[in-house]
Amino acid sequence: MQNHPVYTDNDPQSELSTLNLGPTHPATHGVFQNVLQLDGERIVSGVSTIGYIHRAFEKIAEHRPFYQITPLTDRLNYCSSPINNMGWHMTVEKLLGIETPKRVDYLRIIVMELARIADHIVCNGVLGVDTGAFTGFLYLMEFREAIYEIYEEVCGSRLTTNIGRIGGFERNFNAIAFNKLRKFLVDFPKALKEFESLFTRNRIFIDRTKGVAPVTAETALNYSWSGPLLRAAGVDYDVRAMNPYSSYEDFEFEVPVGDNGDVYNRFLVRNEEMWQSLRLIEQALTKIAKEPSDIFHADVPEFYLPPKEEVYNNMEALIYHFKIVMGEIETPNSEVYHSVEGANGELGFYLVNDGGRSPYRLHFRRPSFINYQMYAPMSSGMLLSDAIINMSSLNVIAGELDA
Amino acid sequence: MGKLTNEELLKNIQDQFADKVTVLGEPYGLLTLETSRESIIEVLTYLKNTPALQFIYLTDITGIHYPEQEKPIGVIYHLHSLVNNVRVRIKVFLADGDVHIPTATTLWDGANWMERETYDLFGVIFDGHPDLRRILNVDDMTAFPMRKEFPLEDPNRVDKKDYFFGR
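Going line by line, the protein sequences match chains A and B. Numbering of the first sequence is given in the numbering used here, commencing with residue 83 and proceeding in unit increments. Numbering of the second sequence is given in the numbering used here, commencing with residue 756 and proceeding in unit increments.
So that you can see chain A by itself, here it is in the shape it has in the complex (with noise of 0.2 Å):
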């Protein structure tokens, strides 16, 4: 299976010329390489080579007991941590039929939705970065550090977050949380609001966006886009709305969409996707304050971690301890497959569960990974300068590409 495409053109005639984009170039934020052939400034034909860091997580997976797989989920798109775990989180908790309390739920969306504003701050910051405003980057980057504040009240780490287990979460949220997260509900909207102003009507930004890279509804879906790229192209699937998980049934919130899937549409599905979350976090706050406030996991003892001071001075916990870390408890000999909308689309989990201590098989559907296939044959006839904000606004995150 050697037939590879010719990267570079041999034919002393020919005027075109042969760009390395990548893998490792400063416009491209990762590990992606493209092989571009260029006829002056306009690209005629592309190759992308993934796989740079592929770190084979879903063989690892095979190996490792459910509560340590999800260390690996935060590894994919590591700009939203939290939703990948959630996301593996409820999977097993579909497989093995554990019912949530709704404060978990709530608090669940919480971190998902601070983790999908983290995601689309870095996003359109960057594109605003990539069109020549570092400003606006500036403005909201500070937030994405207010987050990051919050997830470590909740779970001690920043960026791969290890956030939560397996029917709940390690520990309740505590006061500094709840007040980090008041302060950030005040502060964020006055800067995205700043940053909106910065950009939407921006004669600048809107020249080098609007009508780069458009892309009509049936091609998206022919290449199985998800997402906020789905939904820039006019198409309103939004997992949380289609197939409500974690109680988002109980929730109002608006599916932004474009209307020709155009980078300016991106950016501005993401912007409403930011305010979207930040209605979710208040109604979200709004509910828990009526939930019993010490509810923070399901009862599940035989695959929550009891607490250490119990572990030693209860024989029941000590028992769940031994059976939970070496592996003796029993789980359904079955197949689920899970998906979650993260920040870039569809997140997936198909589960495949032969009764054992670890996954039979274990395979992360990936929005990136999907998306991104289109990226060089959509390059054809563009802009390099072009290609590079289109790349910016597809989100491509080299973890969640090569997992």
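Source of the hints: derived by calculation from the structure; they are not laboratory data. Treat each hint with caution, since some may be false.
[As the list claims (entries may be wrong)] Below, computed lysine-lysine pairings styled on DSS-like, alpha-carbon distance capped at 30 Å:
1. A:LYS272 - B:LYS826
2. A:LYS176 - B:LYS758
3. B:LYS903 - B:LYS846
4. B:LYS766 - A:LYS176
5. A:LYS141 - A:LYS262
6. A:LYS176 - B:LYS903
Using the hints provided, position chain B relative to the given structure of chain A.
Coordinates of chain B only, in the frame set by chain A:
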């Protein structure tokens, strides 16, 4: 939304294909079917193009390996009907040494990389695929790493035996 139940979907499929499609079950509400590689494209085309079904969205293609089975290599398709909000899972099992299956890139351009990934990890050869190369692993790799016989760690290492870690 949710206008189409699994029973209606199954009836539709069975009316069309009779015994070419067998039902494997409905784990967690997701209808799972098995078909042969001779019928897979026919089944996918029917699901995609029938106005009452409209499985226009290819969610995923992946593989699985059951070394003890007569046909050890499985190819698994997840389709989603965005109109009816129903998903369906279709499996095709292939004999070792004859892991050929027709490509779905004729129906969805998005199948391209999914099939390349399945080829890369399981060695499934998708006949008619426009560019069937490895995608995640290096080109000169000879093994198919997601098959069960492929070890996770270098077997010659003595310091990292699984039993040290309770595995």
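Hint by hint, work out which the structure violates, then give me just those numbers in ascending order. As far as the earlier hints go, 1 and 5 are violated by this structure, in ascending order.
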